[in-house]
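Same order as they appear, the protein sequences are chains A and B. Quick note on this note's numbering: the first sequence kicks off at 1 and runs consecutively. Quick note on this note's numbering: the second sequence kicks off at 1 and runs consecutively.
Errors might be hidden in some of the hints.
No copy is singled out in the list; a pair is fine if it fits within one copy or between any two copies.
Below, simulated DSSO-like cross-link-like pairs (lysine-lysine); rule was C-alpha separation at most 27 angstroms, straight line [what the hints assert, rightly or not]: (1) K97 to K4; (2) K142 to K4; (3) K30 to K142; (4) K97 to K30.
Think of the hints as simulated: they come from the structure by calculation, not from any bench.
Protein chains: 2
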Amino acid sequence: MREKIVRSEEIYHGRVVNLVVHEVELPDGKHSKRELVRHPGAVAVVALDDQQQVLLVRQYRIAADQILHEIPAGTLDPDEGPEACAVRELQEETGYKPGRIEHIGGLYVAPGYTTEFIHLYLATDLQESRLDMDDDEFLEVKRVPLAEALNMIERNEIIDGKSIAALLLVARRMGI
Amino acid sequence: MREKIVRSEEIYHGRVVNLVVHEVELPDGKHSKRELVRHPGAVAVVALDDQQQVLLVRQYRIAADQILHEIPAGTLDPDEGPEACAVRELQEETGYKPGRIEHIGGLYVAPGYTTEFIHLYLATDLQESRLDMDDDEFLEVKRVPLAEALNMIERNEIIDGKSIAALLLVARRMGI
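Okay, chain A solo, but in the shape it has when bound (with noise of 0.2 angstroms):
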């Protein structure tokens, strides 16, 4: 089942995302284009407090044109563990660090075309810390009884894949 790639030809290198394209040959030994973006990875934590309430992030998305309701999250950087990771996109975003933080799943988030996988986290024991944003980025946070997510996914106003599958793993493990 497995391709091989006969020839990469690199159309972009950006900030965020590069651009290959590949020819590869296929099992049946034909050749086809397979259109690759080389992504570092991410993380997205469910920051759970106390009160059984997350953390969600309001967030203007360009290539949705609207608002989405994320969980926390953010790109690896370099030579940055995952869990590192987890915890400075959670301070960076929401100005709480994690007393605790367990690693629940991971996920490609398209795996037709992109390289980016996502390491999922589930923090508690949430500590107030300090905001300290990037500076292209303009975020709200909002606390909502965990409950009150899942009503959200629901009613589709959260409907963002990696907030989705992260918030019912969670839910699931919590018996809710």
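Starting from the known structure of chain A, fit chain B onto it as the hints suggest.
What follows is chain B alone, placed relative to chain A:
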């Protein structure tokens, strides 16, 4: 919170994806660059038979460099509605037609850099039809109990975002 597009440059116009770089004006008046993959959108289908088994597709994904287990899915054809696409992709990939198909939600796969939105469906009352794969698709269809698919998520054997989200949504809806 919105961003205004000041200038756009199409870097690549491909078979499935286009790459565009926007220069945007941020809410504080500063400018920034947004790298954006333009994608036509897609569907993904939880196909559940009368014995509460789901159809999984095993497929080599070059972006992950491994064989992944995913639910049946595919890209919208031009002018194709998502429900019609779901029925078509299910039949092409698994050889089954749904007697009943129901919209269960939708998600942006990576709203930071791709416009791809996946419409999620639950297909039931499955009827055998014929297989009709794309020329460059090599897949194997597997039938597993929904409860086992959920275990595969827990064990990190299903690591595809849309599949995790859609299977957990269906499990929740069925109280499993």
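Okay, the hints, checked on the actual structure:
Neither within a single protomer nor between protomers do K97 and K4 lie at most 27 angstroms apart by alpha-carbon distance, with minima of 44 angstroms and 33 angstroms respectively. Proximity of K142 and K4 under a CA criterion of 27 angstroms is satisfied inter-copy only: 24 angstroms between copies versus 46 angstroms inside one chain copy. Proximity of K30 to K142 under the C-alpha cut-off of 27 angstroms is restricted to the inter-copy arrangement: shortest distance 25 angstroms between copies versus 51 angstroms within a copy. Taking CA atoms no more than 27 angstroms apart as the test, K97 paired with K30 passes in neither setting, with 52 angstroms inside one copy and 29 angstroms between copies.
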